[in-house]
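Could you slot chain B onto chain A? The hints should help.
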Amino acid sequence: MARVMLEHVFTEPFTDERYAFFAKKLDPCLEVRSGAWRRSSLSSDRLRMICEFEAPDAESVREACRAASIPFERVWAANVFDVEDYPEMKEKLTALLEKSEKKPPPAAT
Amino acid sequence: MVPRQGVGNWGLSVHLLGEVSLLRDGVLLALPASKKTRALLGYLVATRTPQPRQRLCDLLWDGPDDPRAALRWSLTKLRPLIDDDAAVRLVADRDRVGFEATGATVDLFDASAHVGRDVASASTEALARAAAALNGDFLEGLDLPDCYRFHEWCTAERERVRALRLAVLDALVERLLHAAPEEALRHARQRLAIDPLCDAAHATAVKLLARLGRNAEAQAQVETCRRILERELGGRRSPALDLARMEIGKIAPVLAAPAAPPPAPSSAPVHVAGRAGPSPASTLVARAAERAVLEDLVRRATESRASDVVVLSGEPGIGKSRLLAELGALTRALGGTLLAGRAFEAEAVRPFGIWIDMLRGAPLAALDGDLRRNLAPLFPELGQAPSDPESKARLFDGVARLLGELSARAPLVVIIDDLHWLDEASASLLHYVARVSVDSRVAIACATRNGELEDNPAALRFVRGLRRDGHLLALPIVPLGVEETAALARAAVGPGVDGARVFRESAGNPLFAIEVARALAGGAREGPQALAGLLEERLARLGARARDVVVWAAALGREFEPGVLAAVMGETLAHTSGAVGDLEREGLIVGSGTRYAFTHELLRRAAYRQLSSGRQRLVHLAIARALAAAPEPGAAWGDVVHHASLADDPALVARACVAAGGDALRKLARRQARDFAVRGLAQTARLGLEGLATRVALLDVAVRSMGQAAEGEAAFEQDAQDAVRLARQIGRHEIAAQALFVLSFYRNLREDFEGTHQATLGAAEASRAASPADSAPVLANTAFCLALIERELPKARALLDEAAEIARIHHLPMVDLALGDGLLAHMEGDLVRARAAIERGLALARVHGDTWRESTALIRLAMIELESGAWEATRARVKELRGVAAKLGEGSEAAVADALDALALQGAHGREGAGSVAASAEGLARADAKAMLAYVLTVAAERALEDRAFAEAAKLARRALDAAEPLGKPSATVLAHAALGRAALGAGDRPTALFHLEAARALIEHPYGISKRTREAVARLNELSNGGTNAAAHERELRRKRR
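Going down the list, the sequences are from chains A and B.
So the first sequence is residues 1 to 109, counted in our numbering.
So the second sequence is residues 1 to 1043, counted in our numbering.
It should be emphasised that the hints constitute simulated quantities derived from the structure, not laboratory data.
Just to be clear, a hint being listed does not mean it is correct.
Claimed, not checked - Straight-line alpha carbon distances no greater than 30 Å define the calculated BS3-like cross-link-like pairs of lysine-lysine that follow: (1) B:1012 - B:955; (2) B:887 - A:25; (3) B:35 - A:25; (4) A:24 - B:795; (5) A:24 - B:887; (6) B:879 - B:1012; (7) B:392 - A:25; (8) B:955 - B:392.
Said to hold, decoys possible - Pair by pair, the computed Cβ-Cβ distance ranges are: (9) A:84 - B:958: 29 to 39 Å; (10) A:92 - B:149: 24 to 34 Å; (11) B:149 - A:46: 22 to 32 Å.
Glycine is no exception: its CB is placed at the ideal position from the N, C-alpha and C atoms.
Isolated chain A (complex conformation) (with noise of 0.2 Å):
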């Protein structure tokens, strides 16, 4: 299985609820071609959006893309490569998010 990535680029924000109407008729399409959705990265200003999907190859991803007439901008397989996989890059990740938790919260205006 590959781990395959779906860019989308949009012309207005992007709606939580526009979101569940894509998942709708792309999960179909994907299953049949033995691909599940992992994550969706989507940005601040709601414009654009990155999909992880684990697939066959990417072109299972694309085919379900298009049969379930869903535009998008590009469809790529990645390397993933994992902070899990790097110890020393783990330990200065996990302490910095400790120390973030532990700041105290600003003061209510």
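Below, chain B alone, put in the same frame as chain A:
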């Protein structure tokens, strides 16, 4: 944004009159698509005082959603447009939001400032400036009936501005009535455009026309007013109009009073690049000043200094078209290129019609890929038209680029005659081209009839826009003087004609003068005669056959094709062509063998008037039916709407509006699509339940024309729900299903996703109860999908057979039926049937503009040709695929094309092609298209086996197996195992060969289904493993074929 040089308003300029717009330094800014955001802008600017946030929320976002968030979002979109380095104009705090016009101009405020305290005390000059500023309705087109508070406020403001406009125009007409009647007439016509039911305004226009000696127009104005009074006010008499009519012919014409002279040509030194020398000699009689203006237009374009758009205006027959023809001759003589078109009344509903006609002769086939894609909405032969939100902007830019390319070597002059009949889409494009053509080699000239521009809002907006941008050169064409008329008469009929009499009877109208001269030359007449009478006399002199044909031609329109004329008359072309020749010899029509035009619109009307009103309806009905019955009416559906309307056939009008609306949507002309939908829906109201299916189809066009701005359309929701209810009542579930799909689409546009889901579920439910004809596409689609992913092939075949039977009974062509059948036939090894079915599917996919299915079909056809050993045919399909791949953009299609082409080349030329196959496989790997990678590598491995290159074959097959295994497509996996087994046997490694044979056998009975090619590969490996001779002989035969 449209880059522009030259004069214009600098800084921020806000326009609330006409469509709301913002300009910065003369450049039009792109406003947010949201109507509510635009309404917010209009409200803040117009009210001029800070408004409480809550009031703004109540005004525009009254509802359960988060209105404050919506307000914040809108302000975020507006701020970058309104604020700049000079000033912060959108001033907001926690409680209030306001607009401060620091350093900005607002047209509404400017107009009010010109008027001052009141209209009566303002100077004439100030009133003229106010009238120029008040050139549109307040926040035109910005209607939000669901937001009733905003709606009430906007309606009140519109009335106030309208009253101010009327007061200003009335005052100007009164003041200029005697001193400058031509200018007074212009204001009078504007006043009429605002309030066409005011008979006093019509009477004023009649008096002004009479004063100017334009008696024919004055009479026409009387008739227009009478028709309006009869239609709208029940035939009420108008004493004011009667009095005005009595003055026609009695008031001394002010012909001697100089009209404003035509603007002088530029006094800047002119250097003509290329050809030097004086302008070519002209056969035009008189009009020296006007000709000089047109010469300057062409010369400026030659110098890359094109600036103003010249708009000729005048009464019918005054010589506008003749001057445009002169401009064409000037252009050609100076080595320029000409694009000339005429708008027609019947084609006012044909989006981009005139542009399509003008550009069809351009070298479209030689355009680069981007430009072809951008222009595809106008020219289907260039490929599938895109439909994303930016495609209209790219279309406009594409046309501008094309004109730029056409003007690269020589100046280009664009001529548009009868501007007052220009359709909305063409007018928008013309305005865009005019804006970007400043200081270029593209010049534009148009002609319009006096008084008719105001009836066409789109064309009027174009002219007003030019005036606002400072790029309008208005050239009114006035009647000829005595000497000029006499010269014209002599040129027409010879030196013996009484020029003075011709002038007296024609009042200097050139067309009228020529007809009078002809009549006098043909024999003495007593007393003057109206132009209409003279034209009718000409027609009466025709033979019976020609008289019969000319009325049909006149009903068709200003231009006609002889083939179409024959078809609508129910005759053969040979039968009709004789009469067409007679009309041409009589000078009534001109043209080539394939297209003719009446020499003047007035002639056409005179011919048309020979039909009684009853017979007119019958003729138009015959024309509408003949056009609708053509194999692919396409853009002609707009003509069907026109003729069916004149025939008063509501069913045909409605049906044609569905098709014309679809054509307009393909051309990205959303507003015109909506107009067709509205027009058609009005007709279905007369059809009762019989028109329900058509009504739903029109609602579908309407919703697709809404785009992103699906706001304030409560009536639409109600219409669609009513259609669902009625359809269920009469048991027409398929109509109910379609209406629910339309409702689902509408709610989706409004981002009401819960509502969308409900409507979609309802549609699916209705579909189940629908007739078999509506379930067939669903069955075919399911079968196609299963065949494509190679799953449950027996089930796919069963579904396909069921769909095919329904399709046969109901005569339903379906893309998925053909493609599904082809894919299954390919899997079943029947290549002949597969090829035929997929070719059918390919043709249907192209008709529907379905690029993905088109590419799928081409890939499969290329594979079939490859497996048949037809290398050239494979390469031909690959070439087509490359074109489609370019349209699809992102994807693997280009890599697939490279790979299949490499395989075909290797097939044709042997081992030399192995390198390119390897390189193309890398392309597929980069695109991560494993299924096609496995296919290509397996074919390459099989070829290596035939050449006894067993090590190489094993390497290729191993890679194919790695690609195939994750896909869950057993055929690909089995084929790779079979190749690996044969490679092992060839290398003498029997245990490994048996291992792969067993792996292949384990999958061969997979429930998903296995292709025949795969079974044959396993059978061959089995036989070779058992020392069989047949398989070896088969391989020898394959090697022989490849040499």
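Quiz prompt | Non-conforming hints, listed in increasing numerical order | solution = The structure breaks hints 8, 10; every other hint is satisfied.
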